[in-house]
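Chemist: Using the hints, position chains X, C, G, V and A against chain H.
Chains as they are written, first to last, in the UniProt record's numbering: chain H, 1 to 268; chain X, 1 to 268; chain C, 1 to 268; chain G, 1 to 268; chain V, 1 to 268; chain A, 1 to 268.
Don't take every hint at face value.
Claimed, not checked - Using 16 Å as the maximum straight-line C-alpha spacing, the simulated EDC-like pairs for lysine to aspartate or glutamate come out as follows:
(1) H:267 <-> V:172
(2) G:267 <-> X:96
(3) V:232 <-> V:172
(4) V:267 <-> H:50
(5) G:78 <-> X:96
(6) H:78 <-> V:172
(7) C:267 <-> A:125
(8) X:267 <-> G:96
(9) X:169 <-> X:96
(10) X:78 <-> G:96
Everything labelled a hint here was simulated from the structure, so no lab data went into it.
6 protein chains.
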Amino acid sequence: MLSKLLMTGAAGGVGAALRPLLAEFATSVVLSDVTEITDLAAHESFQLCDLGDSGAVAALFDGGVDGVIHLGGVSVEKTFDLILNANLVGAYNLFEAARHHGQPRIIFASSNHTVGYYRRDEQLDNTVLPKPDSLYGVSKVFGESLASMYFNKFGQECLSVRIGSCFPKPADPRMLATWLAVEDLADLCACAFAAPRLGHTIVYGASDNAESWWDNRNADFLGWRPKHSSAKWRAEVLASASRQDARDPAVIYQGGGFVAAGHPSDKS
Amino acid sequence: MLSKLLMTGAAGGVGAALRPLLAEFATSVVLSDVTEITDLAAHESFQLCDLGDSGAVAALFDGGVDGVIHLGGVSVEKTFDLILNANLVGAYNLFEAARHHGQPRIIFASSNHTVGYYRRDEQLDNTVLPKPDSLYGVSKVFGESLASMYFNKFGQECLSVRIGSCFPKPADPRMLATWLAVEDLADLCACAFAAPRLGHTIVYGASDNAESWWDNRNADFLGWRPKHSSAKWRAEVLASASRQDARDPAVIYQGGGFVAAGHPSDKS
Amino acid sequence: MLSKLLMTGAAGGVGAALRPLLAEFATSVVLSDVTEITDLAAHESFQLCDLGDSGAVAALFDGGVDGVIHLGGVSVEKTFDLILNANLVGAYNLFEAARHHGQPRIIFASSNHTVGYYRRDEQLDNTVLPKPDSLYGVSKVFGESLASMYFNKFGQECLSVRIGSCFPKPADPRMLATWLAVEDLADLCACAFAAPRLGHTIVYGASDNAESWWDNRNADFLGWRPKHSSAKWRAEVLASASRQDARDPAVIYQGGGFVAAGHPSDKS
Amino acid sequence: MLSKLLMTGAAGGVGAALRPLLAEFATSVVLSDVTEITDLAAHESFQLCDLGDSGAVAALFDGGVDGVIHLGGVSVEKTFDLILNANLVGAYNLFEAARHHGQPRIIFASSNHTVGYYRRDEQLDNTVLPKPDSLYGVSKVFGESLASMYFNKFGQECLSVRIGSCFPKPADPRMLATWLAVEDLADLCACAFAAPRLGHTIVYGASDNAESWWDNRNADFLGWRPKHSSAKWRAEVLASASRQDARDPAVIYQGGGFVAAGHPSDKS
Amino acid sequence: MLSKLLMTGAAGGVGAALRPLLAEFATSVVLSDVTEITDLAAHESFQLCDLGDSGAVAALFDGGVDGVIHLGGVSVEKTFDLILNANLVGAYNLFEAARHHGQPRIIFASSNHTVGYYRRDEQLDNTVLPKPDSLYGVSKVFGESLASMYFNKFGQECLSVRIGSCFPKPADPRMLATWLAVEDLADLCACAFAAPRLGHTIVYGASDNAESWWDNRNADFLGWRPKHSSAKWRAEVLASASRQDARDPAVIYQGGGFVAAGHPSDKS
Amino acid sequence: MLSKLLMTGAAGGVGAALRPLLAEFATSVVLSDVTEITDLAAHESFQLCDLGDSGAVAALFDGGVDGVIHLGGVSVEKTFDLILNANLVGAYNLFEAARHHGQPRIIFASSNHTVGYYRRDEQLDNTVLPKPDSLYGVSKVFGESLASMYFNKFGQECLSVRIGSCFPKPADPRMLATWLAVEDLADLCACAFAAPRLGHTIVYGASDNAESWWDNRNADFLGWRPKHSSAKWRAEVLASASRQDARDPAVIYQGGGFVAAGHPSDKS
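This is chain H alone, in the form it adopts within the complex:
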């Protein structure tokens, strides 16, 4: 049980879904985002913070926190300047702040887009070379590498979760493989905070879906076993899906639509 948990990016979709589940393992929760959150529960407080502002990030740790869930930053493809501030500078600011404030464990929201250019018929474990599919994906490789170095050099522990698709339910055929129930994500966070040793571990964030591209065996020491599955929406998803072209890169590669998208700075 944590005394005080910090969660960045708390106003986003994953953050909003996770909030009600955090009370399971944290007595109080500091929420942070660039957007204000007003519907606070009794155990929650809010602190506005632009991740690109190192002072503001350090202030999030005032009074001490003993766990961090770092969802903050850009979570889709954007122009480089936006990614630079929130995901590159922002990640650096967060790890530096943690290092200077007692090294609480960090759950880092990485992404499947770090490996989006692997094919769907390739099964990936957590030792594969990244093949990002977007500037966004590249920024998450940066975050994971930073986490790796901060652990090896400074002992700062971190779980990098390559989140698939954390939505209320799978919305398209690709999500039958990538869907992550928020309850499974909460369990994963709990396992990571409870583990005798976390080190820097990379884990794929997907529920126990029948369709699967990812192999988490090297993280089995954490004891995480997802309990949910996309199976109950399978028929519904397939029925409403438009026909998939087997020659479409968005169908061939794991990254899906991110693979097919052009450069964010190009005129459409």
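Modeler: Then chains X, C, G, V and A, alone, in the frame of chain H:
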């Protein structure tokens, strides 16, 4: 859901068992074999065909089919001339006909005898070099290689199923590992027809048996999870089995009796 | 079903727990230990034996046995002379006796301490190079190597079980990963005696725990599926555990306390 | 030193180049082809043979041979009926004849086109799953599989050489990687005939070229070390080559032009 | 032969050493750096450029270049703001400029510090997960990931060279393994520009040293074979070296001194 | 350069051959054996020692040694009691003595017979699971495991050399693969003593022979490159060799004659 499914080898054991299950995913079914089938259901039709006859094979696709289950051909060790006609020429005829008729997906009944000379204490995934145990097994390696080339060069998609033992129930200790419930096979076919992309994929056709030599993880993207197991017949099978000699090649190697059988042209 | 099973080390903790379960697959059981056992069931008999005494070990096979569970020997870190007699000479004596008495299959109680210097975030299968964590662990590597040679050269079959923690329930956080329910161990023995071929197989002896460092896929041919899990004691274990230091070798490495212990001959 | 060596396909390019080098390890040489050879040396004899004719193939072994170099058959992409006769039926006829005539070792001219759909930046050893690039390549997979089965079941030893480009000198950029000096091929044959045990071994037939896609380490037990290299023609080849398009499948994949060629039965 | 080659970071040590060798494969060379270069040869020109200035970087490509050697940026551990500008923003600016100017091939000076936290007794190929040892190393992982994405998505080809130690001669025991003769680096660049297809390839930049931690086999398709070795300085280096402590992280890990260095922002 | 080197087993074949070469890297050399050596050079001294006598072994380190070459013990198949004393107790005594005397690096003469039951067409690196072929081979697995534990737990560094055949020249076809020139062994010892860090490293002791079963890449960090080869005796060896039976276990497996030999205690 397919409009019209073609199933070759429909008069054989696996074909007969599969027929009642095909209605789940096909509106109409064309059955074909060298032996006539007369007990046709309303959604079934029959077309006689020797797979060695390219014209007859092409005629199976008349009017268009949008899926093929290719069980046809010799399914045990036979002399080379029989295998040549049905399994070598036959496979070529089938892939050529499919290529010229809109490239419907093919489920190709390959066999565990493509890898029969691996030991039972070796765990095989779908990337291992074939080690066939018979002329029959060699002919199935030919079929898989043809399928691989037809996909890479022409885009013809195919699932090569290395079928274990598709019988009503396991009949001997070896089948505790190799048994494939026909319902699981039907589910696999449905997954393959429904998948956004199939490419050329090799999968081992066995149910969720406790004894296992095969690892299908590279085909997990299909979403197939067999639901049946040989476990309920385990005690019965072991009780009635004669003593196994641990030094017998038929016990050491996966191919079982096929390994121990001599050349089909040799006088017994 | 075995006619007569020999179990060495029957007076130890694992032996005592296994005894009531052996009747499932053995008609009569010869128990042996250096400590006398007096509470014998009708199907049990007892024979005193120091494993370092080759004549006494040979005498255990008098009248013939058709299966051996070899738990005897030192099971924790001890000085070299004790290990030498019971685990080195003792293992040799046992394999020699078996070789001369019809080669009944042997279940050899090896240990996770053969690989104690792998990290907990490393997933081990049964082909990894041993990295023992103690003189005790070295002696178990010796036993496994002896078993490997006796099978390859003489055909003596053996299952080397790298037992995790076979206790009534997990007693600390490490055992959440290493715990082996004695019922699962009994099932494993039954599978090994029933398998058509055993060869020399190494298997990790742990129940179906969520926390896991070990991958038994290469032994899947045995058909063993553990049914128990440490999960039901998880909350209790974590609540009563003292804080784990993520930098402590006993927490980093699989061997736990064995890694941290000094040399048994050093003065404390 | 062999007493009598049989070489099929002796009238082809590789056969003609090899002939003068065979005297190093064979006292007499039987040459065979569908085309007559008239310029026979003293130690050579000629026997006309269509490989599709089992009687004619058997006759090649009359009087006994103690080694076979099987270059015969179609060596480029052709229509299926031609490949069927020479490469499928022909290979079967040859292995059957050898099996019935004392099982002389066979050097089988397989081809890099068995793996033509791997990319050039993939390094292949001899355990990879075949990915043929043509009907011709498929026929060579058949031949290798047949050889594998004939060794495992009947003890017929064979070296399957996945020949790259055996020409007087490299003619284009691709051949800088695939070139095989005929002297290196002759050395390889000599190693295979001299080895204490050959089994069925697959080896890539390329000289010691700086550009390389293939790893022969698993065949290092043969003691073959190619002595030639494409390096001395590198500047010349690159100077005269037309510009390579990095997006051209013929440049991406190992099979080169075979990958780009359509189906041999299609009208051009 | 390139018409116009752009080399950034030309005033640094590696740049200065490479300059005289570029004439082998480039008719004219544009040198760039933040420090002016005045001793220009006839085929050289100079253009001042801060890599963090996207307009200035784009201007380097004015008039077209058909090859880029990108040595620019910070090459040792520095504070994050310096690395941010030169190595993160700088790399992005360079790849964007190349993408908009005809996609000339890029040789990207990455670093062995992308994998500095692997041990020296681990042999690395180019598919391992990065384990950077410094903010500098993290920035090079970013650059490689960016290059990977620019190739997969936009077709921009790049060679990422994980340079070891490119100095006139090895200066300490570690460099016996990491030394890269500048002539070997020049040959590598020439191979990369001449290859039919480069894609995005990672290669370790070390000469043919006896001590070696790196395996370039997956880049063998380039045809690069380093000709130099650290061996001739071995005795001299070992004689003058201070005693190495086998327990020192700087001796255990590949990154050497970078591993031992603290955070660049910490007060010493 | 070592001040004082201890070499056990100095009266044996390898020891006698190594002696003249040790002066390259050791100022004085203490020779030890159960057989007295009288032809001492000026820098050599002799000390009689039964390795089974812990006091005698400890005495070898009197006055301090800064390097050990441990060739002592039984080097062929013998009865268990002989192996027990010299190779099991002896190895323990030596590692204990080294641990108590400043932990000089140990070169441990292990043997290829630790892996004798791998086939010759299998390529082994230093991470494979041992498969010993004899009681002798099992004792060498024990020694390597002891060395592994002494390094991981106590920091005692050691090189375990799986010596092939260290004779003046190869004497039979198997030795074409296993031959180790004594000069190459001396170089290897020198590399191991000079390396900045040795840890516990396993290396196969064979010269640069064309025939090869072993892959030392994971020991490349040592900088050892053997300079000799069995090639110059190849023709002579093959000419005088009797015919090899490809089905003989002694020809199939790496262990050669050790594989074929029965149990040393069996009556012949």
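Chemist: Decide, hint by hint, whether the structure agrees.
Modeler: For each hint, the structure was consulted:
For a cut-off of 16 Å, the pair hint linking residue 267 of chain H to residue 172 of chain V is broken: about 52 Å separates their Cα positions. For the hint pairing residue 267 of chain G with residue 96 of chain X, the CA-to-CA distance comes to about 14 Å; that is within 16 Å, so the pair holds. For the suggested pair residue 232 of chain V and residue 172 of chain V, the alpha carbons sit about 13 Å apart, so the restraint of at most 16 Å is met. Proposed proximity of residue 267 of chain V and residue 50 of chain H is contradicted: the alpha carbons are some 26 Å apart, above 16 Å.
Restraint check for residue 78 of chain G and residue 96 of chain X: satisfied, since their Cα atoms lie roughly 15 Å apart, inside the 16 Å limit. Between the alpha carbons of residue 78 of chain H and residue 172 of chain V the distance comes to roughly 45 Å, so the proposed pair goes past 16 Å and is violated. This hinted pair does not check out: residue 267 of chain C and residue 125 of chain A have alpha carbons roughly 39 Å apart, beyond 16 Å. At most 16 Å may separate the alpha-carbon atoms for a hinted pair to count; residue 267 of chain X and residue 96 of chain G meet this at roughly 14 Å.
At most 16 Å may separate the alpha-carbon atoms for a hinted pair to count; residue 169 of chain X and residue 96 of chain X exceed this at roughly 36 Å. Among the hinted pairs, residue 78 of chain X with residue 96 of chain G is consistent with the structure: their alpha-carbon atoms are about 15 Å apart, no more than 16 Å.
Checked against the numbered hints above, the structure breaks hints 1, 4, 6, 7, 9 and satisfies the rest.
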